[in-house]
Amino acid sequence: MMEKKKPQVKNAGATFKRIMGLVLSKYRFPFIFVLVCIVVSVLANVQGTMFTKSLIDDYITPLLGAGQPDFSPLAGKILRVGCFYSAGILATYLYNRIMVNITQGTLKYVRDEMFVKMENLPIRYFDTHAHGDIMSVYTNDTDTLRQMISQSIPQFVSSGITIVSVTASMLILSVPLTAITFVMVGVMLFVTKKVAGNSARYFSAQQKDIGALNGNIEEMINGQKVVKVFCHEEQTLQDFREYNDRLFDSAYHANQFANLLGPINNQLGNISYVLIAIVGGALAMHNTSGFTLGALAAFLTYNKSFHMPINQVSQQLNSIVMALAGAERIFALMDEQPEVDEGYVTLVNAKEENGVLTETEEYTGKWAWRHYHKAQDNVTYIPLTGDVVFDDVDFGYDEKKIVLHHIDLFATPGQKIAFVGSTGAGKTTITNLINRFYDIQDGKIRYDGININKIKKADLRRSLGIVLQDTHLFTGTVADNIRYGKLSATDEEVKAAARLANADGFIRRLPQGYDTMITRDGSNLSQGQRQLLAIARAAIANPPVLILDEATSSIDTRTEKIVQDGMDKLMKGRTTFVIAHRLSTVKNSDCIIVLEHGRVIERGTHEQLLEKQGKYYQLYTGLAVNS
Amino acid sequence: MLKTLCAQIKEYKKDSVKTPLYMVLEVIMETMIPLLMASIIDDGINKGDMKHVCLVGGLMALAAVVGLYAGIMGGVCGARASAGFAKNLREAMFTNIQTYSFANLDKYSTAGLVTRLTTDVTNVQNAYQMILRMCFRAPANLICAMAMAFMINRRIAGIYLCAVLFLGLILGLIIWRATRHFNEVFRKYDDLNASVQENVSGIRVVKAYVREEYEKEKFRKSSGGVYQMFVKAESILAWNAPAMQFTVYTCILLISWFGAHLIVSDALTTGDLVSLLAYCMNILMSLMMLSMIFVMVSMSVASGRRIAEVILEEATIKNREHPVMEVPSGSVVFENVSFHYGSDAKGESVLKNINLDVRAGETIGIIGGTGSSKSSLVNLISRLYDVNAGRVLVGGIDVRDYDLETLRNSVAVVLQNNVLFSGTILDNLRWGDSSADEEECRRVCRLACADDFIESFPDGYHTYIEQGGTNLSGGQKQRLCIARALLKKPKILILDDSTSAVDTATDAKIRKAFREEIPDTTKFIIAQRIASVMDADRIIVMEEGCVNGFGTHEELLQSNEIYRDVYHSQTSGGGDFDENGGAA
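Protein sequence lines, in the order shown, are assigned to chains A and B.
Reading the first sequence from the start, the letters are residues 2 to 628 in the working numbering.
Reading the second sequence from the start, the letters are residues 3 to 586 in the working numbering.
In short, the hints are calculated from the structure, not lab data.
Everything numeric in this text was worked out from a predicted model, so none of it was measured.
The beta-carbon is built from N, C-alpha and C at its ideal position, and this holds for glycine as well.
One or more of the hints may lead you astray.
Stretch-level coverage of chain A by chain B, calculated; a stretch enters the list once three of its residues show a Cβ under 8 angstroms from a Cβ in chain B [what the hints assert, rightly or not]:
(1) 31-38
(2) 54-65
(3) 82-94
(4) 113-125
(5) 386-395
(6) 482-488
Distance ranges between label pairs, derived from CB positions [as the list claims (entries may be wrong)]:
(7) A:Asn319 / B:Arg448: 56 to 66 angstroms
(8) B:Thr465 / A:Asn350: 57 to 67 angstroms
(9) A:Val380 / B:Ser237: 25 to 35 angstroms
(10) A:Asp128 / B:Arg307: 32 to 42 angstroms
(11) A:Val380 / B:Ser224: 38 to 48 angstroms
(12) B:Glu13 / A:Gly198: 26 to 36 angstroms
Start from the sequences, fold in the hints, and give me the full structure.
Okay, structure coming up:
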């Protein structure tokens, strides 16, 4: 029972136009053809009813009392009507069948487009939008859109055409009876509006109670083990009953009102039918203005088929409003500002000839930054070494709220830099700046002497390896997941990377080894194993610079040792920024940066910092006291 | 499953019976209208009898009014019956879940249980209302209209019978083929959405490895697959409307032809013909309705099965008859205890032949790698699970002989994945003892070193905790959970890795408080940090479901290799550089 968002459409007209634009841009002719088919289908139906009139008036009544009834004109007529019917049936099939392609094709386009746009969005978008909300655009919102395109729109069109053509037919048959029909429709719409208004009130109450009950259920089931441990079952049950009873009350009322509509409209329709029968009967009896018995029979059918489309339209209106609200969210996702990349310095394979770096096509294991200078119109090559400098960097997720202040730091190739400090001190934030997940507000970050703003983001990120604290894996085999770091890697390279990361051992023990499928973000692996895979994934990419976020103490000591060894091997010879939680990592670093409230408060080696007896000393001895 | 679900209709039985009756009455009234119609045409108009027209017209109006009443009552009763049924189903599930043991709970995921209580119940509720209102209405409509048609003219009604059989066959075929395809479609569609989910949560990895294009290509491929499958499945459904039209139109033409002959030969009246044409629509519409109901109801069958499962699940741990209502002391003894999860004997043993003897008031540290069954060991003490062999004694009595509530009130467990509930801090603390006054709450918070941070909140002990405790840090939550357990004044206190997010200094302070303030309580402390356990009276070293070592810190340093390893790795540079110092 998803808590439905209140359908709120800001700009219904524009959104609808955009949807139709989407449909028409891809399926202009099929869609026009569908419209034609709908018209044919509706007209075939309407002419069939007209046939009732001529059947009685022109074919049966004249034959009544005839000595030798001649049925051949009737046979001819039935054949003609049958042809129209056949055309109608064919048209019905065609438009239903073509609508399948139009709907699904448009949806596929929408999904692809959304995904492509989403992949190009900056990290900021994902950090500021609940993942559940993003997912619901793909699932709920696209589903309502499907309903709208495949059902609501065709039904709207066919209802519209039906209403027009039936009205025309009714007017031809009898003006006064048409007037009665219209009055009854008016009454019906009025009653519907009244009842719907009432039920809407109860429905929103129901929605609220559903939300409350679901909240309670989620919380209590989530804490069910705690409930057991504290023998709190009775109390829990009592609270639950309260919510449950309240929902029953509002659900009962809401549904009751919703259920009223059907019978009321039904019987109003019947009353309309009866009225027509009586008045029409009188008219036919006196044969006023040529109104015949056959006309009455046809009119009665029209009367019935007039109410149906009106009911349908009023039902579809609601789902169209919901779909438009969903479509707005879909378009909002598509319209998000993608990550901009103005970088022009690219990463190329390089080789050194006579002490001069030159660009080359083939893989050499050596990389260089290709830097084009516009002013001089020449190209220089700078070897990729992994030298990183922060120069007076300020940063805030929000322009107004700066969280990092005047950060200065440098790492020469191969150095290991450890960040320590309490939660929220800004350790992760700094690492997010190096690969430009976020852009800095002030100051400069230089990579091999180049301002990272000038480097193409893709190339910058390719030169940086990342192992995050929460490991994310993708559906696929173990080998696929390692290969994520280098798509062209051979099986041998995959195994070599796994060995480097200490992951080879556990992978071999998996049921299908390297071909074991990983599902649902690696839920079939332990946390330690997932981390080992993430390390292998970084290892195969073989980047000169590494960003590591060490896991906190949630894995056990022995696995941690294996993971740590893997990480150590990976760090060898690379510039490494590590968000450190482990003493050994910190101790072995070339430089330790102590952060507090977004500022660097201390820096130096382990020994230097201990000597200083500052914050680092406190953090360090916090453990030492207990040893 | 049906029996289980139907048992929950309870007080709404009357409504459940009344609804279809009203619906049938409505149908009868509606079917009468075309019949009366025929009378108006034949006896009224054709004979020029206006009085008859008015009289029968009046009857028709009466039928409409009775039909309206029946329809409304059917709607009201149906709404009450289905909403009530849903309420009872939720209640039955929730009540049974409260009796679940941990083993029962492990069987279902939290999300799974929530879905059953919410989405699945809604599905069943809608289906139930549909069954009550439509499942009787549609066939009744079919039968009534058919009966009327037969009454008017047998031969023409024969055409309907053929039409119904024909359309029923076609619709059945369409449903049968379509559901098969749709099952496949929805599986693929789920996969597609799962891959979106993966990309949303793993976007940092995607971007860090510059795999945007790769992911897009992958997505396009599978969305193309979903498109193909959807088109295939829905193309089958596209036959629905034309099949319906074909049947209706054929009927109309056949009736017109044969009807004309019959009228001319005086075997049928014009009015009859008009009525027959009206019934034609009625009959085929109700068939269409039936096929729709069938699809909807069959979709809810899976939900019904999931609900029944929860209701039928039997609690694996129950009170024995005449249980012991008093726990004499906090001593704990394990005698040849073996244990495995799952009910079948094949389950892999997680505890093997455990023998332990702990005196009341002792502090026992437990250390060991992940999967060494530390949590499993302590969970047996408060009988969260039952042993498979041997026995666990608390205060000298087998835990299975105690009243569960008595036992669990004396053995307080702070679980590894602990949960706070929405409400104030005091509300949460009083889970431990609902009658505790504020002073008592403060006292235990001081013991758990939670007092300081609580006082630092503007609302102090009345601070509102959001669902899941999202407005507290990990360390704060853990300390509140400890305080909550202390409020029970337990004879045995079990901390399952409950101070992992608390900084080491505070951790030490809490242990000191335990030592000094509740010396008589037996304490079990599971920890990853060796510092958290080394000052315990005795320490258990767990390794692959066995007790590898049991003794004091000094003894273990001497004799136990694992303990020595862990100790050295944590104290000489392999330790945990505590980053949570500032979180306090």
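Verification of the hints:
no.	hint	in the structure
1	31-38	violated (count 0)
2	54-65	holds (count 7)
3	82-94	holds (count 8)
4	113-125	holds (count 7)
5	386-395	violated (count 0)
6	482-488	holds (count 3)
7	A:Asn319 / B:Arg448: 56 to 66 angstroms	holds, 58 angstroms
8	B:Thr465 / A:Asn350: 57 to 67 angstroms	holds, 59 angstroms
9	A:Val380 / B:Ser237: 25 to 35 angstroms	violated, 57 angstroms
10	A:Asp128 / B:Arg307: 32 to 42 angstroms	holds, 40 angstroms
11	A:Val380 / B:Ser224: 38 to 48 angstroms	holds, 41 angstroms
12	B:Glu13 / A:Gly198: 26 to 36 angstroms	holds, 31 angstroms
Comparing the model with each earlier hint shows violations of hints 1, 5, 9; every other hint is respected.
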